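**Student:** Line by line, the protein sequences give chains X and U. First residue of the first sequence? That's 1 in the UniProt record's numbering, and the numbers climb one at a time after it. First residue of the second sequence? That's 1 in the UniProt record's numbering, and the numbers climb one at a time after it.
It should be emphasised that the hints constitute simulated quantities derived from the structure, not laboratory data. Possibly wrong hints are sitting among the right ones.
[To be verified] Label-pair distances were calculated between CB atoms; the ranges are:
(1) 18/X - 2/U: 40 to 46 Å
(2) 10/X - 44/U: 24 to 30 Å
(3) 14/U - 20/X: 34 to 40 Å
(4) 39/X - 28/U: 23 to 29 Å
(5) 42/X - 3/U: 39 to 45 Å
[As the list claims (entries may be wrong)] Far from chain U, some chain X residues (derived; all Cβ distances over 10 Å):
(6) 2
(7) 14
(8) 59
[Said to hold, decoys possible] Non-contacting residues of chain U with respect to chain X, defined by C-beta distances greater than 10 Å in every case (computed):
(9) 10
(10) 13
(11) 57
The structure presented is a predicted model; accordingly, all values stated were derived computationally and were not measured. Where is the CB? At the ideal position from N, CA and C, for every residue including glycine.
There are 2 protein chains.
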Amino acid sequence: MTFFFFLVQLRKPLVEKQRRERINSSIEQLKSLLGPEFLKQQPDSKLEKADILEMSVCFLTQLELPAHTEKTTLVKHY
Amino acid sequence: MTFFFFLVQLRKPLVEKQRRERINSSIEQLKSLLGPEFLKQQPDSKLEKADILEMSVCFLTQLELPAHTEKTTLVKHY
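Can you make the complete structure from the sequences, with help from the hints?
**Tutor:** Pasting the structure below:
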């Protein structure tokens, strides 16, 4: 049991690294999807992570979401 | 100049806290926008931050973005 606990502790930084990589990769993808239009509207923006996420929220709130989500598969297929 | 540098250093944790709060608030909003539909498709999902962001990317890639972004204002008005 102690050895198992040791292994779990050893894996923690790796799992955390993978989690951060998934988050950063998604934010980069959101940036490439919405960034060009955003920069047209705010050319001087530095486009930080927080900006990218706020602009994604803005974009999604302006859509009629229920109508779209019915036609859309939100689950990523690995 | 040294006192100014000291003030900048003093403000850093506050600025970082605000940055994290903006990021977390946006992820929570994305969750409330897309989460219900996602949970219909994957009821057992824990919906971690990375899941929410990946599902946002999935959703946006399935839209015809140029057509939508033309009609949409991406800039948040404070």
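**Student:** Now, for every hint given, state plainly whether the structure supports it.
**Tutor:** Hint check results:
1. 18/X - 2/U: 40 to 46 Å: holds, 42 Å
2. 10/X - 44/U: 24 to 30 Å: holds, 27 Å
3. 14/U - 20/X: 34 to 40 Å: violated, 23 Å
4. 39/X - 28/U: 23 to 29 Å: Roughly 25 Å apart at Cβ, these two residues keep to the hinted range, so it holds.
5. 42/X - 3/U: 39 to 45 Å: Taking Cβ atoms as reference, residue 42/X and residue 3/U lie about 33 Å apart, which means the hint is violated.
6. 2: About 27 Å separates residue 2/X from the closest Cβ of chain U, which puts it past 10 Å; holds.
7. 14: holds, 15 Å
8. 59: Incorrect as stated: the minimum Cβ-Cβ distance to chain U is 6 Å, not above 10 Å.
9. 10: holds, 21 Å
10. 13: holds, 16 Å
11. 57: violated, 5 Å
Consistency with the previously given hints fails for numbers 3, 5, 8 and 11, ordered from lowest to highest.
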